[in-house]
Amino acid sequence: MPAEKLKYRDFFCIFLRTLLLQAVWNFKGMISAGIAFTLVPVVKRISSNRTEQAGILKRHLGFFNAHPYFASFAIGALARLEEGLAINKTGDAGQIEKFKVALIGPLGVAGDAYFWAIVKPASILAGSAGILVFNRMEYRLGSAVMMLVLYNIPHLYIRFTGLWKGYQSGYNTYKLLKKENYARVKSVYRILGAVMLGIVMVTVLNKNGSRDMGALLVFVLAITGSAFLRGKRVYMQPIVLLSMGLAAIIGLL
Amino acid sequence: MDLFPLSLVGGLIALDTTAALQGLISQPLISGIILGWLAGDIALGLHMGVLMQLLWLNQLPVGAAKIPEGNLASIIAVILTARLSIFYENSQNILILTVVLYALLFSWLGTALTTSIRSGNARLFDIISRTLDKECIYVLSAVHMAALLLQFIIQTAVIFFAVLIGQMLLQKILVVVPAEWNNIARYAELAIIGSGVGLTLSLYKEKKDVLFLLIGAILGVLFFLVM
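Protein chains in written order, with our numbering: chain A, 1 to 253; chain B, 254 to 480.
For the record, the hints were derived by calculation from the structure and aren't laboratory data.
Hints are supplied without guarantee of correctness; some may be wrong.
[To be verified] Computed list of lysine-lysine pairs in PhoX-like fashion (alpha-carbon distance at most 20 Å, straight line): (1) B:K458 x A:K186; (2) A:K232 x B:K458; (3) B:K387 x A:K58; (4) B:K319 x A:K232; (5) B:K319 x A:K179; (6) A:K186 x B:K461; (7) B:K387 x A:K44.
[Stated by the list, open to error] With beta-carbon atoms standing in for the labels, derived distance ranges: (8) A:V101 x B:K319: 18 to 26 Å; (9) A:V234 x B:F476: 16 to 24 Å; (10) A:E4 x B:F476: 30 to 38 Å; (11) B:K319 x A:L241: 16 to 24 Å; (12) A:V145 x B:M398: 24 to 32 Å; (13) B:R383 x A:L241: 26 to 34 Å; (14) A:V145 x B:L366: 25 to 33 Å; (15) A:G245 x B:K460: 15 to 23 Å; (16) B:I406 x A:V188: 39 to 47 Å; (17) A:R9 x B:M480: 47 to 55 Å; (18) B:K319 x A:F63: 15 to 23 Å; (19) A:G105 x B:M254: 45 to 53 Å; (20) A:F12 x B:F476: 40 to 48 Å.
Every residue gets a Cβ at the ideal spot worked out from N, C-alpha and C, and that includes glycine.
Chain A on its own, in the form it takes in the complex (with noise of 0.2 Å):
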C-alpha cells in the first residue's frame, strides 16, 4: 500500500491519544513513549512496512518534554514533517529531530505560564468563589460545572486546534508560540483571577469573620504569614500546620 496523506479520522484518534500523552511519564524519556504514542495512527498512513513503523516510532522515544496541551503542536507538526518525509521525501530525520528539540523550551514555556500558573487557577477561583457565595445547592453546583466549562475550553480548544495548526504550520511551529498570541487570552484569566481572590476574601470574611474578632484575626494572620512565609519559599505542609497551631492558640485564648 502506498502512503498516503493524513485523513481527518486520522486526526481524531490522534486527538484522542493526547489525552493519555502523560500516562508514561518517566524520568528517562519524560513525554516521548506519549509523543511515539500519538503517532500510531500517523506511520500506520503514511507506510504499510513494519520496519519502517518501527524505526519512525522508535525515533521518536529520544527525550522529550513539553506541557501536555501545548505537545499537542508538536505532535501536529511531527505529523506534517513525517507525511512529507514518506510522501515527497523532503527533508530528513536528523532535521526533524533537531526541530523537535528546539520546540521543548518554547512549548513549556508557553504552557506552563499559560494554563499551571493563569487559566487554572483562574478557572479554581472562580469555581470556588461561586461555591462559597452561594448558598443554595444547585448554584453552588452549577458554580463547579462553570469552573470546569472556564478551564476546559481553553484546554481542548489548545489540543485540537495545536494539532490542526501545528501540522499546517510543519516547521513555522515555533511562530504559533509566541508570548503575543495568546496575551489577551491571559490577561482575561488573570484578572478574573485576582477578582475571584478578591471575592473569596470578602466572602470568607462576611460568612464567618464579620462578628467574631477571634475569626477575623485568624484568617487575616493565616493569610498574611502564610503569603509571607510563601514568599521565603517554605513548603506549604508547615505553612498550614502553623496556620492551624494558631487557630488552635487563638481559639483557646
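Once you've looked at the hints, dock chain B against the given chain A.
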C-alpha cells in the same frame, strides 16, 4: 457506598491528575462533589472540597517538579470525613482538623508515590523501546493501557488503605480528645482557608493584580449588601 467502591472511584478520578485527560476532574472541588455524592453527603463533599482546594493551588506542576499530591490527599480526606462525620457530629471541628492533618501527611507521601510511579514507568519505557526493535508497534498502545491500569490499581489501593488506617487512627484519637477541644478548634477551617488564600496570593503579586483583588473585594461586599 462502601469504602472499596469509593476507593475505586477515587482511583479513577486520581488518574485525571497526570495520566489521563487532565481536565480538573481530580481537583478537590470536583472530586469532593463526586465522592460526597456517592458517600451520601454531597454537601459535606463540597465543603471538604472547597476547604482543601486552595491549599494546593499555587503548586505548579512544571516539568519534573515534585509537588505535594493534593488531589490524592483530598480524595482520602473527603472519603474519611464522609465515613466519620456521622459518629462525631458534636466534634466536627476536631474531626476536620485531624482529617486535614492526615491529608497533609498523605500529600507529602503522595509525592513519593508519584516519583515511584514515574520510576516504574521508566521500566515500561524500556519495554516499549525493546519491543519496537522487534518491529511490534502495538506495544505502545498495550503499554499505555497497562500503565493506566497499574496507576489505577496503585492509587485505589493507596486510597483504600489510607482511609482504613486513618479511620482506625482517628477514631482512637477522637475518643480521647476532650469535648471542649471542639470549641478550641472552632477556627481551624478559617485557618485552612486563610492559608489557602495566602498561598494562592503568591500567584497574584504583580502591581496590577492588587487593583483587581480590590475590585473583587468590593464586588463581594456589594453582593452581600444587595443580597
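Hint by hint, work out which the structure violates, then give me just those numbers in ascending order.
5, 9, 10, 13, 15
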